[in-house]
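Each chain, letter by letter, is given below.
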Amino acid sequence: MKKSLLPDRERYACADMRQSPQKRATRNILLLFALCSLFSSTVFAQNRITGDVFSSSGEALIGVSVLVKGTNTGTQTDVNGKFAINVAPGSTLVFSYVGFLTKEVAVKNLTTIRVDLQSSGATDLKEVVVTGYGSQKKESITSAISSTTSKELDRVHGAATVSRALAGKLPGITFKASDGRPGSSAAISIRGLGSPLFVIDGVQSDEGQFNNISPNDVESIAILKDGSAAIYGVRAANGVVVVTTKKGTGESRVTADAYIGLQNFYRFPNALNDSYEYAMFRNEAAFNANPAATLPYSATELDKFKTQADRDHRSFDWHKFIVDDNANRPQNFVNLNIQGGNDKVNYYVSASSIYQESTLGKEYQFQRQNLQSNITTKLATGLSVGLILNGRIEARDNPGVPNEDDYDQARYALLRNSPLERPYANDNPDYLNDIGHNNSNYAYLQNKWAGHRKDTWRIITPTFKVNYDIPGIKGLTLSGLYNYYFADNLMDNFEWTFKTYTYNPTADTYTWTGGSQNPYRQRKNNKVFNTTQQIQLAYANTFGKHTINAFLVNERYTIKNLNVTLHSVPISNNLPLFYFPTMDQYDDAESNQARIGYALRFQYNFANKYYAEFLGRRDQSYLFAPGYRTGYFPGGSVGWRITEEPWVKNLLGEKRILNDLKLRASYGITGDDRKPDGSLITPAFSYLPGYNYGTGQGIAVLDGNAIIVARDKGLASPVISWSKSLQSDIGFDFTMFDSHLSGVADYFYRKRTGLLANRTDIVIPSELGYVPSQENLNSDARFGGEFSLNYNNRIGEVSYNIGGNISYTRGETLFNFNPQFANSLDEYRNSTTNRYQNIQFGYLVEGQFTSQDQINNYKVNIDGRGNSTMLPGDLIYKDVNNDGKIDVADQRPIGFTNGTPIVNFGFTIGASYKNFTFNADFSGASGYGYYQTNEAQVPFTNNGNLNVIFRDRWHRENTSDPNAPWIPGKYPAIRYNTAANASGDSNFKFNQNSFYGHDVFYIRARTIELSYTLPQAVLSFAKIKKARFYVNGYNLISFDNLKSLNIDPEATDSNGQQVPQTKVVNLGVNLVF
Amino acid sequence: MKKKIFFTTLAVCLMGAGSCKKDSDFLNAVVPIGIIDSQIEFNDPALTLAAIGRLYNAEVDFSGLDNNWSSFTDFGESFASENGHATQGRTTWSYDSWANWDYTYIRELNLFLERIAGSTGLTAADKARFAAEARFLRAAQYFELAKRMGGVPIITKSIVYESGPVSAVQFPRNKESEVYDFVLSECDAIKDILPKLPATKSRATAGAALAMATRAALYAGSIAKYGVNTPTVTLSGDVVGIPAAMATGYYTKALASAQLLIGGTYGSYKLYQTALPAADNYAAVFTDKSSTNNEVIYIEDFKAFAGKVHGFTTNDQPYSNGEEIDDAGRLNPTLNLVQAFEKLDGTLAPFATRDITGAPAYYDTPQDIFAGRDARLAGTVLIPGAIWKSAANDIWAGYWTPNANPANLTFEQGTITTSDVASNLKPLPGTTIPVQVVGKDGPINGLQFHTQTGFYIRKWLDPNVGTGRRGQGSDIPFIRYRYSEVLLNAAEAAAELNQFPVASDYINQVRARAGLTVPLVLNSANYFDRIVHERRVELCFEGLNLFDYKRWRIATQVWDGQNETVTDLTTNLLSATHRNTKQWGLWPYKVYSPGNAATNGKWIFKEVVPAPNTGVLLFRLGNYYSQISDAILGSNPKLLRQPNQ
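As they're listed, the protein sequences go chains W and Y. In terms of the working numbering, the first sequence is numbered consecutively and its last residue is 1165. In terms of the working numbering, the second sequence is numbered consecutively and its last residue is 1192.
Please keep in mind that the hints were generated in silico from the structure rather than gathered at the bench. Treat the hints with care, since some could be wrong.
[Said to hold, decoys possible] Okay, the calculated bits of chain W under chain Y, using three or more residues with CB under 8 Å as the criterion:
no.	stretch
1	290 to 297
2	325 to 337
3	676 to 685
4	706 to 717
5	800 to 806
6	998 to 1006
7	1098 to 1112
[Stated by the list, open to error] Covered stretches of chain Y, going by a simulated chain W footprint (3 or more residues, C-beta under 8 Å):
no.	stretch
8	707 to 718
9	1072 to 1081
10	1096 to 1107
11	1178 to 1184
In this text, a Cβ means the ideal position worked out from N, Cα and C, and glycines have one as well.
The following block holds chain W by itself, in its conformation from the complex (with noise of 0.2 Å):
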């Protein structure tokens, strides 16, 4: 039994009863062990009955709930699987573990028994899952709640950040990893809904936190996808994502777990690295441009690339230098755990620490460090308190080059650089090339020129828990919890001076050409408090087939924020320090919120058959004016298992075809204080008149004194307040094939409303010279569903799981206030009202021009200059409101934007056959475009080198002569630093297009993991209770449609230059001691 899974009730009320096993040290325990058994056999006769618990791929397992059925004697299994328990004959033992089907054992006649456990999927209905504010079994949920457990979430080691291992495990969860630097987290939202509200033990949290906590630490995710959301009331309109660490059960035990990988880049954009081919295409690039003008490269320059005639003719291969030089960076992750609990205390001590360099060089590192402590301990009986403590370090580190990312300099490197350049003057790495923008020059970002850069968070969140059941009324409790987070995020960044040079090779020497005199020196130092007070008054019950659960509690938060920015011009790179006569800048700002909640929550089942719940909150928010800042959000769900109808088992009889099938529905309302960008609906104070103050506002220089200004607020906004999330959801759960095959469906419907805008029946004057107060008015929805199915069962010795999920996620705007347009045109090209989102509008393309005659007789004016621009291969844009020109009234929709997934799938195979484990894990999206810009359209962009995928374009057989044929290709001919179809008016950009646009699907494995155990023989001679060794593969394949353009398929950037996800090869072992 893993204690901490089961509501409170039981826990407490089988721990008194429970009886000890060996190795219990406490006296105490001892003596309460001797009574109870005392007390039992006088009762009783009893049998002692020793046994093993066992996975089915032969794994003790540690701490699984042994009960004897219809009484709360039970006791768990020990360190090596093994359990001793005294019980009646005849009794049946139920055997619990999560992640396992429950299984019943006769006792007859046995003193010992093997039982081996079978892995359930995500099946196992007595499973039970943490939701809002306490826990469930399976069973008895009725909203849409989806969850995983540590056994799942392990499989992924490599995963620095728990959003990147949930990738395809839970239906419903929209996933976009679409950056790749070290310690990144991938996007994720419920449902396409927006950002969800993250709790971790309790605490209403943030995706920061929620992304850093260690992976390890994890014991179960829930994802209240529902109207159950509305229990956490004003920001749970997107959904709630509900995270439990680890506390401790069974045996003591340490656990060691270690991997170290090798990262490489998944896949970027690739440039020439051939000089002779470069020039080649600089001189087309020209000829396409104009004829007539002089070409960059001569014949015999041509023939000197191409025999690499010299030191200035040589290729320079910047992709081997910036990225297969960088090949295989480091990275490993170590966990040590101490953990074990008996009835007095739980405790889960945890130590992780994780290191990861970039692909981009072993200088862009991220490394964290992670302390979790949790204990829990009884101090008399129905009394326990509890300390959850959380820390951890979090450090980025990287060269410091200019401009606030610090990895684009790096990649966009790689497309920037030709090959005809050099990082190195005369290749002396003493000396930096002057190459004319040495910016990106990626020899130059380094810690040695470009200074450094370093942004550190270290957080502690120490939570205080009393639980306290009241006597005398059987299933009361009393509890209460206190949380204070504390952070601090110091960001120190010092940008160099740095010298570049030219080498002159006849003198032999380096001149100093170029380079920044420019030192910038940085700090910013953030600290945020919070605290977080709950109390909770809890009743579980059951009386005969009636059971009862709710709860009431009451919730305070408050959040401090402090930031503190500082600047200066230091006069020499040896000076890190600040000094008062360099600074040009001190901002100081300050934030603060608070919230208060009330929620109840009331659950009734009869007979386990029928289920009802109603849950509802009452929010309060200081972000609104006096009389706006209340908001009621009440919800419900009812339930029906089928069956547990008689008439239902009467017809299916003893077959268990179907095991269990019930059908929920559920509805809820839920707030939300932010805008569906995720920014606060309104500024704090904007229902306050008066003056802003402040560094923010700016500063004027009066009779030469520097004078912080104060504006005028404009006119309050006194009436705003939540928007709400009317959310529906239908669905139903079941299994089937002795439970061997599980599943969920649901489908649902959110309408939001109160969605501000303005007023706009009454049209204020622009000369009134004020904006009048939004208000609560505008609608949209969104609407979907979601389908999994698990399998598992074995074959002799191989046991095996499949299973899969997909969902389906779209969004609507329902209603606009009376919404203003000019003219037609602009009603169809902006309107919003009754579409769906994520609709993306831009050019038909019907073809390519074939032949300069075509070009010359065609009608349409496409380029906005009698098509004199183009040539053949050029884009045929479709004229479609007939006009005779290309223009903004000819765009219609062409795909989805480059957003949020509209679906999302993913499947997991698993098996195991002795000591071997082999599980993979897939998943993919499809419903969004991505679009082809910058580096991925215009040839040689910003002067640059060009992108691999240009040569496949229309060409002339000889690149130099007018009158040769063209010879098809792909892409248009193409021109330097200016895209094919770009018309004159730089204003008027036709990059949006059918032909660059493309709707992306792609699948990919993202773990492959093959494991080992050691068999128990092994282990007791090496006196190790548990030692297992894996190796797995992160992100090897995909399948997907952007493979020929070199652009991962999850790239947000339309140029696909984001940091590239990395492909990894772990080597780990887990050992238990």
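Dock chain Y against chain W, hints included.
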């Protein structure tokens, strides 16, 4: 049991330490930080200064050193050396270019005036000065609106619509002349309240009010006079356009206001004249922040290491002598402007790049071709070889090697040796040793942040070390009004009133300071071209050029959408309507002709249009008044749509 209950109660109480507060008190404990009640704001002189500081900061400049370097590069006077910049391939301007309808600012000004009137905590003198400053800023904003939009509704108090017919708060556009009249009457009213202190430049003074009045009156006068040239640029009720009969009145007002200022009773202003050489003296007008600079009347000020600096120097400094990697050289003056600087005898001539046979003209140094010109050329533009921060810039486009050795070869009969970037060395024809073949500062066709015209800007560029760094910035002030412009305003107004000797005197003061020693004699035949020309060279890159061409109604001729050939470029230079539609550069080449001692090592020049300059400028009739957006029109049915759009 007692212990347990005690413990639980204690624990729960501790956790709920804040719970003892009422819910409302708990939420109300979050108090605003940095939000000041207007009662407090206006009874504290320091906070009132903070409020007027915001209003000063919000003053609109068409070109400003902090609003965007690119506003200086439009209109043919310079070229933007930044890839993909909108002006590089510009064909025309959209109708909403330069539009401004910032009534939020006007509301803020009106609120300030209303609140200062109700203040009890300030001295009467403070109240009077603050109020006059707000009126000055409000007049400046209405002037800005008139320049861009024509007649606009004049709103002088804060209004909040509450109920009733919304038409009661819909105001029609006033006549264009009424807006100018409002500006002029406000200037009149406040000039005796504001301090008469030339040393005060960053706050409104009597001098600034007079300078604004003279400029506004001159604009109104020229719109009245020259509106006949563009008869379609009008709207009914004179909402756009000013009746011709009003011209004389405005010119008279412009001259009178200027003469009040020149007379010195509102503060002693004079042209900046130091012992520096004339070119450096002119450049120092814009960089000298000391009290000796009494040419400057009204500025937007900046202050280094105090949080208010701008990036003009960073953006526009010469590439190789710049202080910031890959962030330089964006603003390249064009040959069009450079050749508009007169020869010292007061005549205009193109640069001699060819002799009469068509062969290149040879020069010993790259500066020689620019010799003997108006000192303001070197004060405004960094020509090839000019010194910047103690190093000479390196501007040359390559080597030119004649294909044979007879004399009189044309430029085309030679071979160019150049490269993508100066550090990419190449051997010269007939040699094998690679050498530098192009200037470190350009020009290299299409290479951004290097000059592409052969010139860099000098005006406004900060000569102090460190000011070109992105992390530091420059605190050179932006001059909104200076004495030299007042003289030119006076000269123009006087000439329009047929007072040619007066006009000649004023214009010659400005020219003499620039080293042009032959006095100009204005007369009815030459004054218009001469005044247009003088303003072009004296006031270039000060944000005035567009509005001058608009008020004279010659913008449609100067930027007429026709290609500007070399012939167009180099002939008829004095004409006010000289075409200016392409951005030309003048590229120096080093002659490499080892067999010919007479030319080897000398310099030749070629007129070049930078490759990214693909457009031809077209100013349409609908550009004279910027578009009032559909959203604004939709919010007030009483507004008239602009003409020709």
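Hints and how they fare:
Beta-carbon proximity to chain Y at under 8 Å applies to 0 residues in the stretch 290 to 297 of chain W; the threshold of 3 is not reached and the given coverage is violated. Only residues whose beta carbon comes within less than 8 Å of a beta carbon in chain Y count, and the stretch 325 to 337 of chain W has 0; fewer than three means the coverage is violated. Residue count for the stretch 676 to 685 of chain W with a Cβ under 8 Å from a Cβ of chain Y: 6. That meets the three needed, and the coverage hint holds. Three residues within the 8 Å Cβ limit are the bar, and the stretch 706 to 717 of chain W against chain Y gives 3, so the coverage statement holds.
Coverage of the stretch 800 to 806 of chain W by chain Y holds. Counting CB-CB distances below 8 Å, 7 residues qualify, and the rule asks for three or more. As drawn, the stretch 998 to 1006 of chain W meets chain Y at 0 residues by the rule of a beta-carbon pair under 8 Å; below three, the given contact is violated. Chain Y is given as covering the stretch 1098 to 1112 of chain W, and this is violated because 0 residues of the stretch bring a CB closer than 8 Å to a CB of that chain, at least three being needed. For the stretch 707 to 718 of chain Y, the assignment as covered by chain W holds, since 6 residues bring a beta-carbon within under 8 Å of that chain's beta-carbons and 3 suffice.
For the stretch 1072 to 1081 of chain Y, the stated coverage by chain W is violated: 0 residues have a C-beta nearer than 8 Å to a C-beta of that chain, whereas at least 3 were required. For the stretch 1096 to 1107 of chain Y, the proposed coverage by chain W is not satisfied: 0 residues have a C-beta within less than 8 Å of a C-beta in that chain, short of the threshold of three. Counting residues of the stretch 1178 to 1184 of chain Y whose CB lies closer than 8 Å to any CB of chain W gives 5, which reaches the minimum of 3, so the coverage claim holds.
Checked against the numbered hints given earlier, the structure breaks hints 1, 2, 6, 7, 9, 10 and satisfies all the rest.
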